[in-house]
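Chains C and F, in that order, are what the protein sequence lines are. Going letter by letter, the first sequence gives residues 1 to 253 in the numbering used here. Going letter by letter, the second sequence gives residues 1001 to 1266 in the numbering used here.
These are calculated hints, taken from the structure and not from any lab test. From a predicted model like this one, the values you see are computed outputs, not experimental measurements. Ideal Cβ placement from N, Cα and C applies to all residues, glycine included. Please note that the accuracy of each hint is not assured.
Unchecked claim - Not everything, but these chain C residues come out facing chain F in the computed CB check (under 10 Å): (1) Phe47; (2) Gly52; (3) Ser83.
Said to hold, decoys possible - Facing chain F, from chain C, some residues (calculated, C-beta under 8 Å): (4) Tyr14; (5) Leu51; (6) Glu53; (7) Phe67; (8) Pro71; (9) Arg75; (10) Tyr80; (11) Asp86; (12) Val87; (13) Gly91; (14) Ser94; (15) Arg126; (16) Gly177.
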Amino acid sequence: MTVLLRVDGLAAGYGGPPAIEDVSFELQAGERVGVLGPNGGGKSTLFRVLLGELEPSRGSISGDTRFGFVPQTERSRLDYPVSALDVALMGTLSRLPWWRFTGRAERRRARDALRRVGLADLADARFGELSGGQRQRVLVARALVQDAPVLLLDEPFTGVDRPSAELLESVLAELAGEGCGVLIATHDLDQALAWDEVLCLNRRMVAFGRPEETLTRAVLEQTYGGAVVALPGEGEAVGILPAHHHQHDDEGG
Amino acid sequence: MHALVHPWTLGFMQRALLELLLVGIVGGVLGCWIVLYELSYSAESLAHSLFPGLVLAALLGFPLVLGGALGVVAAALSVALASRASGIDRDTAVAIVITSLFGLGVLIALAPASPPGLETLLFGDLLGVTGSDLATAAGLAGAVLLGVALLYRQLLAVGFDRGSARALGARPLFVDLSLLALIAAATLIAVRGLGNLLVVAVLVAPAATARLLGRRLLTTMALGVAVAAACSVGGLYLSYYASTAGGASVAGLLVVVYMSVRLVRR
Chain C
1 MTVLLRVDGL AAGYGGPPAI EDVSFELQAG ERVGVLGPNG GGKSTLFRVL
51 LGELEPSRGS ISGDTRFGFV PQTERSRLDY PVSALDVALM GTLSRLPWWR
101 FTGRAERRRA RDALRRVGLA DLADARFGEL SGGQRQRVLV ARALVQDAPV
151 LLLDEPFTGV DRPSAELLES VLAELAGEGC GVLIATHDLD QALAWDEVLC
201 LNRRMVAFGR PEETLTRAVL EQTYGGAVVA LPGEGEAVGI LPAHHHQHDD
251 EGG
Chain F
1001 MHALVHPWTL GFMQRALLEL LLVGIVGGVL GCWIVLYELS YSAESLAHSL
1051 FPGLVLAALL GFPLVLGGAL GVVAAALSVA LASRASGIDR DTAVAIVITS
1101 LFGLGVLIAL APASPPGLET LLFGDLLGVT GSDLATAAGL AGAVLLGVAL
1151 LYRQLLAVGF DRGSARALGA RPLFVDLSLL ALIAAATLIA VRGLGNLLVV
1201 AVLVAPAATA RLLGRRLLTT MALGVAVAAA CSVGGLYLSY YASTAGGASV
1251 AGLLVVVYMS VRLVRR
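Could you build the full structure based on these sequences and the hints that come with them?
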């Protein structure tokens, strides 16, 4: 297995106490890793450090640090006069020199990426007029155009309709099958159970490993602050969901 | 028919129209970004802040472009310094610096000892545009359009979602500063014809109107240029036959068109 990304003893913050610390994990080619934790637990902070927007105060990141990034969809402007294709084409920014215009080849790549997320017919639709799930898929298409070995997705399933969520799941599985490494911040434990590894964060790394071994009641309680409930008819180790998401003061998830 | 054609048989009217078309092309294209980036007030501040630079350049016989550039740098430094003074927030600092600089420029321009004609920097002199004015305007307009074209992909990504633009490979700070530089250059193009006071009309109004109509960015830019061009022609007719001030006629018409489109689109 090829290690795409190695994070060792990482800590980072915004001037005050660290927002995350003791984060160490490896991302292998073809793996999907669920990044779990409450709002304010440090999921977004971890992504910001990986993307180079925030300097780590301790620790190191090594490996291939070209990332395709899928931000939360509500951060993009809906009144912006762009089509789905225009947004997907933004993925070419890092691939083309700044003085180059997007040409036929880039346009074809962007259309292919949109087709892959099931939006071939809506390439020319205005981004702001698409549904939440469709918008999320456009942002995934944009990350595909970036053509990076590692994909970071910040809560891609939040507020997404069921067909879009299923399509996203299968695209992520396909990408992993092609050797991509995928890091997915999520609130959904059931979903994470189907992935290769989970990284539990609550201001520090609580656990990292295969989901069926890692997601014990103790780990979940540490991750979500003790507010977990057992689902009826499920065993002790799995099927435990956070009762609610805790709000912390420093950042929005 | 004769009444429609007659104004354009005169050289000064032809030059005024060409000047306005250059300004309109730049205004329609760059204006879209000014409106999308919500920089209309900044554009106005920037235009006024470089006024003393223009006046000094005119007094000392330097090219206006040089004076304007120095004026912008002086304004930026003053804003930065004023923001650092304790007890003044950024917004107030900008307002104080801009009004001080603009007031200083007006004071020099309208001083009894200053040669006559400097007030045209304030109000413009559309019908007095010369061939060399046009050449300068054309050169600057070309540079601004090239700048927008080169920045296009980054402008789009940063305006769409500033937070994740860096992850995509765009540089928000570079984009912001470049956009301000382009606005300053556009101001210099428009100042000869429209004057420092009315420059913003043509940088903002056509794009604001186009924004109400266009669904895609390129369409919006094209509509902006069309609105600016149509209002230029209309304003010049008005000026010619009703003996109104040229720049003010164009600016007034732009506002009327914007309001009408707004009402109709409601």
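Going down the list of hints, with the structure as the test:
no., hint, result
1, Phe47, "9 Å, holds"
2, Gly52, "8 Å, holds"
3, Ser83, "6 Å, holds"
4, Tyr14, "15 Å, violated"
5, Leu51, "5 Å, holds"
6, Glu53, "6 Å, holds"
7, Phe67, "7 Å, holds"
8, Pro71, "4 Å, holds"
9, Arg75, "5 Å, holds"
10, Tyr80, "5 Å, holds"
11, Asp86, "7 Å, holds"
12, Val87, "7 Å, holds"
13, Gly91, "7 Å, holds"
14, Ser94, "3 Å, holds"
15, Arg126, "6 Å, holds"
16, Gly177, "24 Å, violated"
The structure fails to meet hints 4, 16 from the earlier list, while all remaining hints are met.
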